[in-house]
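**Student:** Protein chains in written order, with my numbering: chain A, 116 to 590; chain B, -11 to 243.
Among the hints, erroneous ones may be present.
The list that follows gives simulated cross-link-like pairs (lysine-lysine, BS3-like), each with its CA atoms no further than 27 angstroms apart [claimed, not checked]: (1) A:125 - B:175; (2) A:579 - B:242; (3) B:175 - A:138.
By construction, these hints were calculated from the structure, which means they are not laboratory data.
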Amino acid sequence: MTATTRPGFKARSDAALANPTLKTAIDRTTGTAERKRAAALARFAEYEAARSRGSAIKDHVIANLDHYLEMFERNATASGAKVHWAATESEACDIVIRLCREAGAKRVTRSKSMLGEEIGLPDALGSAGIERVETDLAEHIIQLAGEHPSHIIWPAMHRTREQVAELFNADHKPPPADDEAASMVQSARHVLREKFLSADVGISGANFLIADTGATCTVTNEGNAELTTTPPRVHIVTAGIEKLVPSTSHAMALLRLLVRSATGGELTQYTTFHCGPKRPGDADGPEKMHIVLVDNGRSEMIANEFRDMLRCIRCGACMNHCVVYRQIGGHAYGGTYPGPMGAVLTPVLDGLAQSRDLPFACTMNGRCAEVCPVEIPLPTLLRAWRGRSWRAGLEGATMRAGLGAWAGLARRPGLYRMASGIGVRALRLLGRSGWIGSLPFAGGWTRHRDLPGPTGGTFMERYKAERGKRPEDRR
Amino acid sequence: MTDASRPRVGLFVTCLVDAIRPEIGFAAIRLLEDAGCDVEVPTRQTCCGQPAYNSGDDASTAAVARQVIAAFEPFDHLIVPSGSCAGTIRHGYPTLLASDSEWGPRAARLAEKTHEIMSYLVDIRDYTPDGLRLEGSATYHDSCAGLRELGIHDQPRRLLAAVDSLEMRPLDGENVCCGFGGTFCVKYPAISNAIVDEKADAIERSGADMLLAGDLGCLMNMAGKLNRRGSKVRCFHTIEILAGGGDGPAIGEKP
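Whenever a hint applies, use it, and build me the whole structure from the sequences.
**Tutor:** Spelled out as structure tokens, the structure:
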């Protein structure tokens, strides 16, 4: 995905903070997600064991990725599907567009896929003059609004019901009977039904790629993936290579973690394994099935400090529990993936120079890692980006100079004592009432909160005085 | 290890306590001595290095880390009145110096004997404060590094339960970050402000007279926000209360 890093993270997050309906919408969705996940895990006594096993499955696949990719290709091919390999997002889009053209496609349906967003497929289809119909209810909303998803599970969570009603009233013919959720769902179902049946190509993502059967697996709650992948003549799957698992039972082990962590359910309404095109005797199904396996930076991550990120199963728990995401929402992040996992992945996908705010816009509180069902040490990975940013000289000159001066003092305790003594005396002059309401060079702090002034001399000065002798003598 | 029944501990004061609120350092000394420790304050300490560590400047952090290791390795234990500084020494230093054949093992040895003070008092010293009484109510915020890097949750509550007449009130989102985040709060002030504003709402909803926590950074953030909002909630480091200082000026109050 491109063209989303303007006008800059700070401007985007300021705009998000100034939007009161956004905060209401975020709180509703993430608050519910947090409660339901907690309740689901409270009923899942073996969660910690399942979590260790889930992490181990993903680590094993990543360590043997070539083996499982070949196994998957062999078995998918044997099932009658054709496997395509894409190194980059543009290669992936080119393959999909070519396949659509070969199928003579005028209209394609698409069931929600973050990988599709990552490679910029919606725009690529538009540029190719192919009508794209998003079939996931939230993606339908996003398409009508001309937006990108703001959450990987609930793409339209930034919009309130009232805002959705406006979109549907303008687009749906006839418009929904009223603004109730049930009427709006009914209306979307009516609009989409005809498109499901008339599409030439259906494009889906995959939650899992099953190596030993060559099947792809999708999980949805709306059944739209089934209607996207079954009626059209051609089914195209786009999936990242990290979605591989050795077998169906491994997919099931991860599914138990994925659904609980994402929605708090035990299982999604629909869990479908797509194995090859329609076979003789099948009542329905596509004539052709293509699977586009996308690398797009992933194989590079195997060899660098971001390898653990390849375990991610895209549940969204990290963003639901992130204090920053819960203030600014997903669009402010400016990449395909928001929240903590997005802050790790966006620099991989868009480059660190484009997205260097993301690893820093984090308090390092660790809650994301705590709730991650595959034990990804997200703060550690964000810290790794901070290190890369520093070494690449991307940090501003003021910050570098300030930290340089601080480091020079911190490494010279005698000098540090002197400087902190002077600093504390200066602060005490400003904070005679106890509080300091405004401080030059510290506007970031005092614009929003008061600074407690020092209560007296430094600890080291007072300690020395109280003990009646130089603390140096005590060593 | 010297006499195990009377360990020799080095107090890592932390840069914020040194500059802003030395009372916390003196409270730490009182509690550690009361818990049967010989306390020393090595002078070759400044800061644990988090400003550099959180900015990605690993070289400067490593230089500060080596200085802390050298100053504190003679002691039986290194004690810190902050979960985030203790977490940096316990987890950050060994990771940062892992590939250094000399300093890596020294960092690992120091990490093992480094403790945040409340967990040290409870888990290692089995200490319960005696004869404490404080009228009023308080609520407790779990600072993130202490909670998640060091597993500090029950220890402060157990210690505070020993204070007579002090009513502890629940805090909504007690385990949710206050928005401080070290350099984060000045790099992204608007986001930090939105987070701490919600935290201040929760603190006020608790109806408590006092807010207690185990990290001065978080406390300065929350206290500063509460004061800006005109709130009357008084903020203390938990160990100030445990050392009998609840009657003195709270954070930001004129001494």
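**Student:** Confirm or reject each hint.
**Tutor:** Status of the hints after comparison with the structure:
A threshold of 27 angstroms between alpha carbons decides the hint, and for residue 125 of chain A with residue 175 of chain B the separation of about 10 angstroms falls inside it, so the pair holds. At most 27 angstroms may separate the alpha-carbon atoms for a hinted pair to count; residue 579 of chain A and residue 242 of chain B meet this at roughly 23 angstroms. Restraint check: the Cα-Cα separation between residue 175 of chain B and residue 138 of chain A comes to about 22 angstroms, which is no more than 27 angstroms; the hinted pair holds.
In terms of the numbered hints stated before, the structure departs from none.
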